[in-house]
Amino acid sequence: KSGEMAKLTQLIDNEVFRAYATYATIVLLKMMLMSLITAYFRITRKAFVNPEDTASFGKGESAKKFLRTDPDVERVRRGHLNDLENIVPFLGIGLLYALSGPELSTALLHFRIFTGARIAHTFAYLIPLPQPGRGLSWAVAYSVTISMAYKVLKTALYL
Amino acid sequence: KSGEMAKLTQLIDNEVFRAYATYATIVLLKMMLMSLITAYFRITRKAFVNPEDTASFGKGESAKKFLRTDPDVERVRRGHLNDLENIVPFLGIGLLYALSGPELSTALLHFRIFTGARIAHTFAYLIPLPQPGRGLSWAVAYSVTISMAYKVLKTALYL
Amino acid sequence: KSGEMAKLTQLIDNEVFRAYATYATIVLLKMMLMSLITAYFRITRKAFVNPEDTASFGKGESAKKFLRTDPDVERVRRGHLNDLENIVPFLGIGLLYALSGPELSTALLHFRIFTGARIAHTFAYLIPLPQPGRGLSWAVAYSVTISMAYKVLKTALYL
Chain P
1 KSGEMAKLTQ LIDNEVFRAY ATYATIVLLK MMLMSLITAY FRITRKAFVN PEDTASFGKG
61 ESAKKFLRTD PDVERVRRGH LNDLENIVPF LGIGLLYALS GPELSTALLH FRIFTGARIA
121 HTFAYLIPLP QPGRGLSWAV AYSVTISMAY KVLKTALYL
Chain E
1 KSGEMAKLTQ LIDNEVFRAY ATYATIVLLK MMLMSLITAY FRITRKAFVN PEDTASFGKG
61 ESAKKFLRTD PDVERVRRGH LNDLENIVPF LGIGLLYALS GPELSTALLH FRIFTGARIA
121 HTFAYLIPLP QPGRGLSWAV AYSVTISMAY KVLKTALYL
Chain D
1 KSGEMAKLTQ LIDNEVFRAY ATYATIVLLK MMLMSLITAY FRITRKAFVN PEDTASFGKG
61 ESAKKFLRTD PDVERVRRGH LNDLENIVPF LGIGLLYALS GPELSTALLH FRIFTGARIA
121 HTFAYLIPLP QPGRGLSWAV AYSVTISMAY KVLKTALYL
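Residue numbers (full-length UniProt numbering), protein chains in the order written: chain P, 1 to 159; chain E, 1 to 159; chain D, 1 to 159.
Source of the hints: derived by calculation from the structure; they are not laboratory data. Among the hints, erroneous ones may be present.
Which copy is meant is left open, because identical chains are indistinguishable; a pair holds if it fits in one copy or across any two.
Quick list of in silico lysine to any residue cross-link-like pairs, SDA-like style, CA-CA up to 25 angstroms [said to hold, decoys possible]:
| hint | residue 1 | residue 2 |
| --- | --- | --- |
| 1 | LYS30 | PRO128 |
| 2 | LYS151 | THR69 |
| 3 | LYS154 | PRO102 |
| 4 | LYS46 | SER56 |
| 5 | LYS151 | GLU15 |
| 6 | LYS46 | ARG112 |
| 7 | LYS154 | ILE127 |
| 8 | LYS65 | TYR150 |
| 9 | LYS151 | ARG112 |
| 10 | LYS154 | GLY58 |
| 11 | LYS46 | GLY133 |
| 12 | LYS154 | SER35 |
| 13 | LYS151 | ILE12 |
| 14 | LYS46 | GLU103 |
| 15 | LYS59 | LEU29 |
| 16 | LYS151 | PHE41 |
| 17 | LYS46 | LEU153 |
| 18 | LYS65 | LEU29 |
| 19 | LYS30 | THR44 |
| 20 | LYS151 | THR22 |
Source: prediction; values computed, not measured.
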């Protein structure tokens, strides 16, 4: 059994795989932060969507008025959904890319630019920055994922 | 070629990895169930969003009245989106955690609590239970994911 | 170090894993395409959601009228969310399935049908085709994922 374990941990000993593990975890933690920011704005703006969430504000009409949408809450939620749409491809394609034997320096470049661009995207969305700030950061992360997908298909293509 | 296959299947022979495979599959099947529950409520509540989905109810105005939102449908959809937001990080961070060489008992504890909390979250959302039922189950699963992320970064950090 | 790398790249040398890598990447690229289609419709229909996105159309009321929903934009967005709901389970369960030692021909059958069904689903959603076109393509991809989940649990179950 220790032999199997040794082979398993070899994966996490590989530097490219460790880099993937690090940046994938960072970008997922960043995405998870969006849930806390949504909760923060829902509570401070008093803007909820589920009746049971407003029960502590009293009964009937007095609580019902907090069942409403708020521009700040909706903005964070759009940023969260955009994260899902872009981080899910990075997770999948990035894992396959890390296993396709790229140069460590090339892999680090991909992971760092993607992570930096998605963090910039969040700031651009939440502040908000004037366009093309958000659009540009989105496009950079998108392009990095396409570049990794190209390497995966070049290395592994088996239709 | 059989040598490679042997190494590949060693991954699935490892007990921590098998536990991850089991709980990741369970939690994904649970998430997939949300699609069926949404379909069930759309059909029983006659609340659709695409015009082509109401064609069997007749033409023109008689079908158009079924293009509407329904509170039960929207509730399931919110639960489904919350699953995506929380199960995607578990899938990614949990895989890396399983490869980072945790104790089997510790890993099982993490996977079981996460899975239990997300199942509880679904019940809390759909019944619905009074707060803080849903909030608590959400926070427990969220904390488990953070704990796994900490272990991954401690083991693999390579910036 | 080269020994570790050799073991890592063995994963991508395995034919079942290569097939998974190929189809997972294709289906993720297809999902990423939805972002571009959304952007295309937002720009051609002039239907935006963030005030900063309409700044180039002028100030005040003249720009504000472009902050609106458009049926075509919303349709693409629903297709994109449906992709997320169904491709995330395929990514996770498919990876575990590829590691559970299936026959190459059986694995290819699963990956090809899933990918074909999801591409058909996108066409059915965007054209749109009359039902049950979209429903059927959704159900086929869903069933393939369930079939892979069954194999994973049969091979790896460790509760």
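message: Checking an output row: LYS30 and THR44, CA cutoff 25 angstroms. Within, between, both or neither?
response: This pair counts as within: shortest intra-copy Cα distance 21 angstroms, inter-copy 32 angstroms.
field: Identical-chain pair category, LYS46 with GLU103, by Cα at 25 angstroms
entry: Classified as neither; 50 angstroms inside a copy, 43 angstroms across copies.
message: With identical chains, the pair LYS59 and LEU29 could be close in the same copy or across copies; at 25 angstroms between alpha carbons, which is it: within, between, both, or neither?
response: neither (37 angstroms within a copy, 37 angstroms between copies)
message: One pair to classify: LYS154 and ILE127, alpha carbons no more than 25 angstroms apart. Within, between, both, or neither?
response: This pair counts as neither: shortest intra-copy Cα distance 39 angstroms, inter-copy 32 angstroms.
task: Give the relationship of LYS46 and LEU153 under a CA distance limit of 25 angstroms: within one copy only, between copies only, both, or neither.
output: neither (48 angstroms within a copy, 36 angstroms between copies)
- prompt: Between LYS46 and ARG112, at a C-alpha cutoff of 25 angstroms, which is it: within one copy, between copies, both, or neither?
  reply: Classified as neither; 37 angstroms inside a copy, 34 angstroms across copies.
- request: If the cutoff is 25 angstroms on CA atoms, where do LYS65 and LEU29 land: within, between, both or neither? Let me know, please.
  value: neither (33 angstroms within a copy, 37 angstroms between copies)
- request: Please work out whether the CA atoms of LYS30 and PRO128 approach to 25 angstroms or closer within one copy, between two copies, in both situations, or in neither?
  value: Cα proximity of LYS30 and PRO128: one copy only (17 angstroms, versus 29 angstroms across).
field: 25 angstroms Cα threshold - placement of ARG112 relative to LYS151
entry: Both ways: LYS151 and ARG112 sit 17 angstroms apart in one copy and 21 angstroms across, limit 25 angstroms.
message: Regarding LYS151 and PHE41, is the shortest C-alpha distance of 25 angstroms or less found within a copy, between copies, in both, or in neither?
response: So LYS151 and PHE41 fail the 25 angstroms test inside a copy (41 angstroms) and across (30 angstroms) alike.
message: Cα distance capped at 25 angstroms. Does LYS151 pair with ILE12 within a copy, between copies, both, or neither?
response: both (21 angstroms within a copy, 12 angstroms between copies)
Copy assignment of LYS151 with GLU15, given that the CA separation must stay at most 25 angstroms: The answer is both: 18 angstroms in one copy and 17 angstroms across copies each meet 25 angstroms.
In terms of the numbered hints stated before, the structure departs from hints 2, 6, 7, 8, 10, 14, 15, 16, 17 and 18, listed from lowest to highest.
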